[in-house]
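**Student:** Residues per chain, in single letters:
2 protein chains.
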Amino acid sequence: MIPQQRDEIVDFLRQLQHHICTALVKLDGEAAFRHDDWQHHSGGGGQTRVIEGGRVFERGAVNVSAVEGRLPKSVGGRGDNIGQNFFACGLSLVLHPQNPFVPAVHCNFRYFECFDEQGVRQDRWFGGGADLTPVYPELEDVQHFHRTLQRACDGVVPGSYQRFKAQCDEYFYLPHRQETRGVGGVFFDYLRDEPGHDWNTQATLWHACALGFLPAYLPIAERQVQREYGEQHKQWQLLRRGRYAEFNLAFDRGTRFGLETGGRTESILLSLPPQVVWAYNHQPAPGSAEARLAWFLQGRDWLGISEQEQ
Amino acid sequence: MIPQQRDEIVDFLRQLQHHICTALVKLDGEAAFRHDDWQHHSGGGGQTRVIEGGRVFERGAVNVSAVEGRLPKSVGGRGDNIGQNFFACGLSLVLHPQNPFVPAVHCNFRYFECFDEQGVRQDRWFGGGADLTPVYPELEDVQHFHRTLQRACDGVVPGSYQRFKAQCDEYFYLPHRQETRGVGGVFFDYLRDEPGHDWNTQATLWHACALGFLPAYLPIAERQVQREYGEQHKQWQLLRRGRYAEFNLAFDRGTRFGLETGGRTESILLSLPPQVVWAYNHQPAPGSAEARLAWFLQGRDWLGISEQEQ
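Sequence lines, in order, name chains A and B.
The number in my numbering is simply the position in the first sequence, starting from 1, with 930 added.
The number in my numbering is simply the position in the second sequence, starting from 1, with 930 added.
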């Protein structure tokens, strides 16, 4: 059943949280998730699940929340929503692996409702996305991640992957570094009931994308975690995590939305890496494995590219 | 001589950079500063000086820049400045010590000019400040830092310290943590030629404050660096540096101004700590040395407080 109404959507997100956590614990093989329930100051709450110090995951968080409040400016979109009461629910996930060969990954699937002062719903929409952040990328992995999401999206709305992929590259961009945060994936927002895309279609698209996350990521992690790494690889991962922290703190709208609406700080900032290094003016040696990363951070057309173009 | 005109101010900042770096190298006793000259894309440039891996300083930066460009929105202040051409010069310093007992410190002394389309100067002002960020604070140190700056400021304009101290606490505040970044100091902006405060007075106040930085900080570092520390102390320092990175990336207007005006990213982000740890929901044990820090992060009246009140 495709979740279309608020209660169905919240149920689906909770099931998805359970499903994802079960799969990640199985992959990790050592650590478990701790669960923290919390309440939001203006209504609702959530459950934060954190896995730390595992075989695979240095830290991972899979959070579900369903909260009510008033919209701050940072939500963006349509100006006439500002100051309206809202309902927002979502699942957000960030995984920071131990092994530098295993990419970090993020996904978020959310649903918003806006109300006027009389409590009449004025608007509702789906948003979300998934994106991959390797520090030693392999084209095969990047293509697997994108192809899986492409099949999920285009299977519901042909052409949607291409749009969402472009939006992902645009959103996860560090202007001061002139590079994308990682190798992208899909990103979308404001999926509304509108001419050409009825509510059922939008819900189906969102649902397919959310279910596409695990098959897009798991095979990559399973394969890469077998690789042995040294201190040099770890150091590169810690340096690159600096860029991740820069993006999340300085640019990410989700982080700002959470902090500005008085969300639970410890849950919101779980997206930050467990350990980070900032070095002054670090440049990887030309031709090194580390130097290869730059080629991957320019929002390329992964599904139409070959190894030779690298 | 009090620097009052653009060229005098730039000269003073360069001398101050030299003076501060000489004192810091002497204190460190092992490391030296490397110098990087750079050009700004829209005119001017600067010199970044970095000390790394020393006996005292894990990393420190003392930068001077003098650049021209067009004002972005983030400068704030008066709306009619937006889009105007500007000249900005400043010294900015951030020190991240190795020893967790030595406080991190930041200061910035800057001067702005705004021009209309015909190149006629419309406005000019001084700004700046200095603030201390200990992770194992001692009241005696905090009082020394504040008293030194108080004497510098009030010696020129009586009552200015109290205003600047309050502005510092307000500016260096992390709303999502409900705490100040450190124990404050002074912070001021838009010191203009205005009724009651002529340009000479403002320049003298700014100059006195800039010269107050070293005597405010050096004795603290010299004393605290003698203390022995262990892994637990270092870990607490790395955790607290997470808050420092949160402030600088998510809230600091100086960082935003630099990044939005196309400043040199590597110089701007030198304010970030060299190593950082983020832990989920970390709470120091009640009664521990780490737990004492919270009392110091509420913008207290340091010069009117006694040990007994802790």
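Simulated from the structure, these hints should not be mistaken for laboratory data.
Fair warning: this is a prediction, and the values are worked out from it, not measured in the lab.
One or more of the hints may lead you astray.
[Said to hold, decoys possible] With a straight-line cut-off of 20 Å between C-alpha atoms, the simulated SDA-like cross-links for lysine to any residue are:
#	chain 1	residue 1	chain 2	residue 2
1	B	Lys1164	B	Ala1224
2	A	Lys1164	B	Pro1216
3	B	Lys1164	A	Gln1165
4	A	Lys1164	B	Leu1168
5	A	Lys1164	B	Gln1205
6	B	Lys1164	A	Pro1149
7	B	Lys1164	B	His1212
8	B	Lys1164	B	Arg1093
**Student:** None of the hints should be skipped; say for each whether it holds.
**Tutor:** Evaluated hints:
At most 20 Å may separate the alpha-carbon atoms for a hinted pair to count; Lys1164 of chain B and Ala1224 of chain B meet this at roughly 18 Å. A hinted pair counts as satisfied when its Cα atoms are at most 20 Å apart, and Lys1164 of chain A with Pro1216 of chain B does not qualify at roughly 34 Å. For the hint linking Lys1164 of chain B to Gln1165 of chain A, the alpha-carbon distance of about 19 Å falls within 20 Å, and the restraint holds. In summary, the hint linking Lys1164 of chain A to Leu1168 of chain B is supported, as the alpha carbons are separated by about 18 Å, within the 20 Å threshold.
Taken as a hint, the Lys1164 of chain A and Gln1205 of chain B pair is honoured in the structure, with Cα atoms around 13 Å apart against an allowance of 20 Å. Straight-line distance between C-alpha atoms of Lys1164 of chain B and Pro1149 of chain A comes to about 37 Å, which puts the hinted pair past the 20 Å bound. The straight-line distance between the Cα atoms of Lys1164 of chain B and His1212 of chain B is roughly 15 Å, inside the 20 Å bound, and the hint therefore holds. The hinted pair formed by Lys1164 of chain B and Arg1093 of chain B fails the criterion: a straight-line CA distance of about 34 Å is larger than 20 Å.
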